[in-house]
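In case you want the letters, here they are:
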Amino acid sequence: MKLPIYMDCHATTPVDPRVLEAMLPYFTTEFGNAASKSHVFGWRAEEAVEAARAEVAALVGATAREIVWTSGATESDNLALKGVAHFARQQTGKAGHLVTCKTEHKAVLDALHALEREGHAVTFLEVERDGRLDPARVRAALRPDTVLVSVMHANNETGVVHPLAEIGRITRAAGVLLHCDAVQSAGRIPFDVEAMEVDLASLSAHKLYGPKGVGALYVRRKPRVRLIAEIDGGGHERGHRSGTLNVPGIVGFGKAAALAQAEREAEAPRLLALRERLRAGLLAGLDHVEVNGSLAHRLPGSLNVSFAYVEGEALMMAVKDVAVSSGSACTSASLEPSYVLRAMGVPDDRAHSSIRFGLGRFNTEEEVDHAVRLFVEKVKKLRDMSPLYEMAKAGIDPATVAWGEE
Amino acid sequence: MPYSTKLLDHADNPRNVGTLDPAAPDVGTGLVGAPACGDVMRLQIRVSEAGVIEEARFKTFGCGSAIASSSLVTEWVKGRTVADALTIKNTDVARELALPPVKVHCSVLAEDAIKAAVADWRRKRAGPQPVGGAAQPADARPDGAAAPARTGAAERSPVR
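These protein sequence lines are chains B and X, in that order. Okay, so the first sequence: first residue is 1 according to my numbering, each after it adds one. Okay, so the second sequence: first residue is 1001 according to my numbering, each after it adds one.
Possibly wrong hints are sitting among the right ones.
As the list claims (entries may be wrong) - Non-contacting residues of chain B with respect to chain X, defined by C-beta distances greater than 10 Å in every case (computed): (1) N33; (2) R143; (3) P163; (4) G175; (5) D232; (6) A280; (7) V291.
Stated by the list, open to error - Among chain X residues calculated to face chain B with C-beta under 8 Å, some are: (8) V1017; (9) V1032; (10) S1048; (11) I1067.
What the hints contain is simulated information worked out from the structure, not anything from laboratory work. By construction, the Cβ of each residue, glycine as well, lies at the ideal position given by its N, Cα and C atoms.
All chains, please: the whole structure from these sequences, using the hints.
See below:
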């Protein structure tokens, strides 16, 4: 077993060696610009880009012509939301209304805040305590001027999966576009733009064992979704996104998508078993451990737990050999605890104690067992020096104490 | 985040972790911070008749910097007079541990903890007061520790 162990697959995943192998020629011998129409270098690059486009399209049940390459999912989210809102405004002459939920990724929330500053109206829906968005809230939020609803498929902090198909039925019936940030779900659980009636979807290569710096936006053609490009230039990607294509990155994304599609059915149950092994081990070794968010509706490799009375960053410092992340304020520049956990009604002290585990393709049972041992040992050590744990053991609930601040 | 060797040493091998009897007359207990803010520090001192801190113990819920800050001040207050301990400033702690700017509030908490522990000890030493005095502070708690001090709120708010 090699240390440190990586268990932060919501943040990124390593490039699969098979993906790297597919990419390598496109840095050297096949270096052509896919937009060069006059020679074989360009033709070969274009051919590779189109093959990858078909592979990424197939992963999400789309056709190749519906895939627009971007630099990553943040750009995809911005292009989808601003592109649709700006097009609607151009058509109607009026700013429109958009709907999302409070636990979305910052790329969605901040793009929508930017649209608010331009005069668009945005509704940020509450989620339930299990982290899921109730489709009834979406239905209730729709207005005559609503142009788009944006709901992620699976959450990046908790792994909780939203009832996307139900939401898709509602938006389709209402004639409102549905954008989905499918970054965490595509390739991990079934995500299909037809079955879920999604009109725009943001995807990223590096969450599915592809390279960083390449993403895609699915844009439905039937019925056709129109949007205004954010980046002006040579008119690449049918005018949706100008800029020379990242050919090696795109080839890698294509290969990664093909592998995910071929291997997902075998990989998902394996990851679920590892996740449950991790969860069972932590719960067996420690008291006061709580899972944040729905367990039933969750990505197979995802686990978000709070180890009460222990602060997340201190725990990560203590468990040096396992790379995870935390919703604790101490790990964020803003010094605020996770807004996702907060939106779910998780109290701040529990958010400070949260750890996110993200298991992936290359994790093993041995690694999970080692992580369990380390976390149990270090949580106990930190609890021994936690005044809150001492209070709890003495029968005083720290939540009932009148703390001085805030 | 790049932490200093000293900080990592205190976080990994904290000194003087533990609990002194909060009811003992020669023990002062300071409990500062709040769980919702992600850090709670409890500093306890045992003070001799001559006013010298003979023993110091801490327990902290918080990040590595908070644990290191409290560990460090237990070492610093030991052997000092109460008056001398009160001269320890948060900036001294921040400098010693090379706290990054976002962690400076941990050192503020450590300074607050010293003040709160000394205040608790002084309250006990002053003994029962006439009516209207502070014999039974309104913030006394069942475990004998003082309620968390409301110090530092103004200083800390900018970094929150």
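In rising order, the numbers of the hints this structure does not comply with: Hint check: 10 fails alone, others pass.
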